[in-house]
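All chains should be modelled from the sequences, with the hints used to inform the complete structure.
Chains as they are written, first to last, in the UniProt record's numbering: chain X, 1 to 258; chain G, 1 to 258; chain Z, 1 to 258; chain R, 1 to 258.
It cannot be assumed that every hint is accurate.
Note that identical chains are pooled: a pair holds if it fits in a single copy or bridges any two copies.
[Claimed, not checked] Straight-line distance between alpha carbons at most 20 Å, and here's what the computed SDA-like set of lysine to any residue pairs gives: (1) K127 to F47; (2) K4 to S240; (3) K39 to C237; (4) K4 to Y69; (5) K127 to E100; (6) K127 to D99; (7) K217 to R255; (8) K50 to G207; (9) K213 to N161; (10) K39 to D111; (11) K192 to Y177; (12) K101 to G130; (13) K4 to E77; (14) K50 to G195; (15) K50 to T89; (16) K20 to K162; (17) K217 to P27; (18) K20 to S38; (19) K39 to K217; (20) K127 to C237; (21) K127 to A70; (22) K213 to G223; (23) K127 to M103; (24) K192 to E40; (25) K4 to S67; (26) K50 to I6; (27) K213 to A158; (28) K192 to N234.
Just so you know, the hints here were simulated from the structure itself, not pulled from any lab data.
In this text, all values refer to a predicted model and were calculated from it rather than measured experimentally.
Here are the chains, one letter per residue:
4 protein chains.
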Amino acid sequence: MMDKRILTGEQIIVEVGNLKIGGNHPPIYIAGPCSVESKEQIMETAFQLKEIGVDVLRGGVFKPRTSPYAFQGLGIEGLEYLKEAGKATGLPIITELMDEKYMDVVAEHADIIQIGSRNMFNYSFLKTMGRLDKPILLKRGMCATIEEWVLAAEYIVAHGNKNVILCERGIRSYDHYTRNTLDLAAVPIMQKETGLPVIVDPSHGTGIRELVKPMSKAALACGANGLMIEVHPNPPCALSDGHQSLTFEEYEQVRRDK
Amino acid sequence: MMDKRILTGEQIIVEVGNLKIGGNHPPIYIAGPCSVESKEQIMETAFQLKEIGVDVLRGGVFKPRTSPYAFQGLGIEGLEYLKEAGKATGLPIITELMDEKYMDVVAEHADIIQIGSRNMFNYSFLKTMGRLDKPILLKRGMCATIEEWVLAAEYIVAHGNKNVILCERGIRSYDHYTRNTLDLAAVPIMQKETGLPVIVDPSHGTGIRELVKPMSKAALACGANGLMIEVHPNPPCALSDGHQSLTFEEYEQVRRDK
Amino acid sequence: MMDKRILTGEQIIVEVGNLKIGGNHPPIYIAGPCSVESKEQIMETAFQLKEIGVDVLRGGVFKPRTSPYAFQGLGIEGLEYLKEAGKATGLPIITELMDEKYMDVVAEHADIIQIGSRNMFNYSFLKTMGRLDKPILLKRGMCATIEEWVLAAEYIVAHGNKNVILCERGIRSYDHYTRNTLDLAAVPIMQKETGLPVIVDPSHGTGIRELVKPMSKAALACGANGLMIEVHPNPPCALSDGHQSLTFEEYEQVRRDK
Amino acid sequence: MMDKRILTGEQIIVEVGNLKIGGNHPPIYIAGPCSVESKEQIMETAFQLKEIGVDVLRGGVFKPRTSPYAFQGLGIEGLEYLKEAGKATGLPIITELMDEKYMDVVAEHADIIQIGSRNMFNYSFLKTMGRLDKPILLKRGMCATIEEWVLAAEYIVAHGNKNVILCERGIRSYDHYTRNTLDLAAVPIMQKETGLPVIVDPSHGTGIRELVKPMSKAALACGANGLMIEVHPNPPCALSDGHQSLTFEEYEQVRRDK
Chain X
1 MMDKRILTGE QIIVEVGNLK IGGNHPPIYI AGPCSVESKE QIMETAFQLK EIGVDVLRGG
61 VFKPRTSPYA FQGLGIEGLE YLKEAGKATG LPIITELMDE KYMDVVAEHA DIIQIGSRNM
121 FNYSFLKTMG RLDKPILLKR GMCATIEEWV LAAEYIVAHG NKNVILCERG IRSYDHYTRN
181 TLDLAAVPIM QKETGLPVIV DPSHGTGIRE LVKPMSKAAL ACGANGLMIE VHPNPPCALS
241 DGHQSLTFEE YEQVRRDK
Chain G
1 MMDKRILTGE QIIVEVGNLK IGGNHPPIYI AGPCSVESKE QIMETAFQLK EIGVDVLRGG
61 VFKPRTSPYA FQGLGIEGLE YLKEAGKATG LPIITELMDE KYMDVVAEHA DIIQIGSRNM
121 FNYSFLKTMG RLDKPILLKR GMCATIEEWV LAAEYIVAHG NKNVILCERG IRSYDHYTRN
181 TLDLAAVPIM QKETGLPVIV DPSHGTGIRE LVKPMSKAAL ACGANGLMIE VHPNPPCALS
241 DGHQSLTFEE YEQVRRDK
Chain Z
1 MMDKRILTGE QIIVEVGNLK IGGNHPPIYI AGPCSVESKE QIMETAFQLK EIGVDVLRGG
61 VFKPRTSPYA FQGLGIEGLE YLKEAGKATG LPIITELMDE KYMDVVAEHA DIIQIGSRNM
121 FNYSFLKTMG RLDKPILLKR GMCATIEEWV LAAEYIVAHG NKNVILCERG IRSYDHYTRN
181 TLDLAAVPIM QKETGLPVIV DPSHGTGIRE LVKPMSKAAL ACGANGLMIE VHPNPPCALS
241 DGHQSLTFEE YEQVRRDK
Chain R
1 MMDKRILTGE QIIVEVGNLK IGGNHPPIYI AGPCSVESKE QIMETAFQLK EIGVDVLRGG
61 VFKPRTSPYA FQGLGIEGLE YLKEAGKATG LPIITELMDE KYMDVVAEHA DIIQIGSRNM
121 FNYSFLKTMG RLDKPILLKR GMCATIEEWV LAAEYIVAHG NKNVILCERG IRSYDHYTRN
181 TLDLAAVPIM QKETGLPVIV DPSHGTGIRE LVKPMSKAAL ACGANGLMIE VHPNPPCALS
241 DGHQSLTFEE YEQVRRDK
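Following this line, the structure appears as structure tokens:
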């Protein structure tokens, strides 16, 4: 890989309020529904997760969907619900930003901004995110090499923002038994190459509810700095990703067995 | 695949000035340098290509580069050079747009707007392109399935713009002998699934100069509606993609042997 | 790639009876059913193909099937039917050998021995094939790199048998719209790297009947030395690969449109 | 997947001498050099590993090498050294069989017979292995889907041998930072689909010495029934796979940190 890099592997700790992410700090838990669907849904989820144990509340409001005819998220309305749920429980919140047009409002409300897998190669967007003073969660592109992922992070850092958390979420392979192939070796590799915290998303990384628990344990065992898990009050009725979302009870088991 | 689609396979002819693309119209040739590097370079290229035979002049001015430290293109200045070269030769021009911030100026100058491989999954961007009254060239994402590519086109069409040209440019595989694996079966498949014209980019599709000619012939033999080829006055000195760019002489051979 | 190689790219012509394969000799057509199913089936196929135009008759008798419970081929009985059909029409025959136990009988009856995709990495088998005095058709492994394929051919040649025909039959990719991703760039690459003749199997390479014709044309356009096509008297009733087999009429069109 | 299967997911415990593999039995450790290189090398390795803690001694004597000109293993001579080392230390031994010609001698000496990644699709070979009364370690093919791997095991079991241990050793992906992409989700999946014990080979699965320890921990955390690790007295001088082999000290750390 290139010699000239700001990210040389020296350890970087990302702070979100009082939360410290990376290095030897305990792994963080980010959980919540794929999509914010209603005020009730996100409120119930937030309170339940708070009780079980969670560090950051996630909820998608702008959804990158393969089909233009699939549910695209509640947008600004959803963001407000998510914000309220965060406020009511005292939890920091994270949501994905897809479009610079909504950058200001998302940056105002969210504690962490997520760059989704489909935007990891969107270099204009990465540059803009680099100019924000806000922690960024950068998901690995669905077919990004280690080098491309490192350099995507470097785009953000080179434009001024060192608060980057990396998220391994599975890569695309020839086998479709699982939704993606979770590449756990990327955890120690990316920590060494960049020094940034690396968390794992076993929900997208497998796409299968039953695999979330064993893959969460494996992720922590190889040194992941946190987990990002989809949890829904009623997975079979979820508007998106129900098959990979945990119930509260299942999430509690993951939390307990860490 | 989904039932509800505007793109049902019924043939769509895209017009660019007097040029008709798709169906039984003769295949078009798009050629030019990966990057516009100077006024002289693009002028010389335009006149040479015009003489050899070309339908549209290409030239990158905003370059999506894996590293933040690589040459990022001349930007607006390059767009002006490209525009001048088009005007001087009477050739329509195409360039890639990466960032909505430059949409108006690119839409004003360019005859076709290119959406690069890295933005095929950028749904916000696709929606915006769908609202333009301008032909769009939509490259296949580097790991996009046929279904995802069809639905990316559907995003543009569903928002009002039916003038979409598809471009197969190779997909990512396990073998790195070539830069990408050119998937020519995608030509008849995408024509049947969408009805849109499908052209092939053998330069990115192989990354190897010597393979551009045989792959161009193969692309036309299986029904491609055109070719997009990188040509540079002096490939070894090109600021990007020199190893896959043809000299004028090599391009002339491709043109003659069609 | 390694320096030490017998296959340096110098052109090798493989002879099968009066048939010359490779270099500037006209492309050869190998056709027949995936599996020999009965004496009647292979006889009818042989006579029909002979009339339409074919150089070598193919028919599988030992079938490498993913499931142990799928039809495994007629074995020696099938080989005898194939032999009779070849004799009756004067056509040379090719069949796949999977097991050295049947090597002598296959070598006695067949004019070309096929090494299937699943055995390309079976180095013990390649060495044994290298000691035979019989043309070998070496299919590309389903995930073999160019380098691994070159070296598999080198295994055969290094053990004494230079009569090797290579066959591109598609590689495994992330997209399952087609059965495999036909990598036509491998045709000029392998010709240059090895000097051996390279033919293309568009039937396995796509797995879709409608794509056999356009991909056959593309293969010949980029210089393939021949085609290997599955043809069956009644594809919907075929015991294997019916969906990718052509009828006689469809094969006739491929033959005419070359 | 197919309905008709002997492997229905009901738990199978494989016994090797007093060693029980699978179910809730403690994970086993298989370790040793990629290749048996000399009597001294394998003896030293066996005694050191015995002291540190190991259940089965591995050593390759027939090596499937990509190039016909690379070191192909010591053959029968190596097998005798391995046998002696096993006897001297009281450790059961495992080695790869590539060629049925050596089946009897390998079956006589080895306690477990390994089927390498390149032979997972070699169905004739699998059938023969199914007729042996000897535990088989079946590595996953380098591009085998879950279904194909399940059915490869089914081939062995259907021919009479239920003593099959599965080994995940990484699959081929588009990224070559690591030698293979270790697919740990396959561990719980294959346990559930087949009921067979599943072990993990982090040495081939990553190809990088530093990753063996974190990936070993991850493998055990998600339920692997054992590990297979390459250890060499002097990795930089190994005749094969030195870059992924551990020293005795490094192996000791893996053993201790489990």
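May I ask which of the numbered hints given earlier this structure violates, with the numbers listed in increasing order?
Result: hints 1, 8, 9, 13, 14, 18, 19, 20, 24, 26, 27, 28 break, sorted rising.
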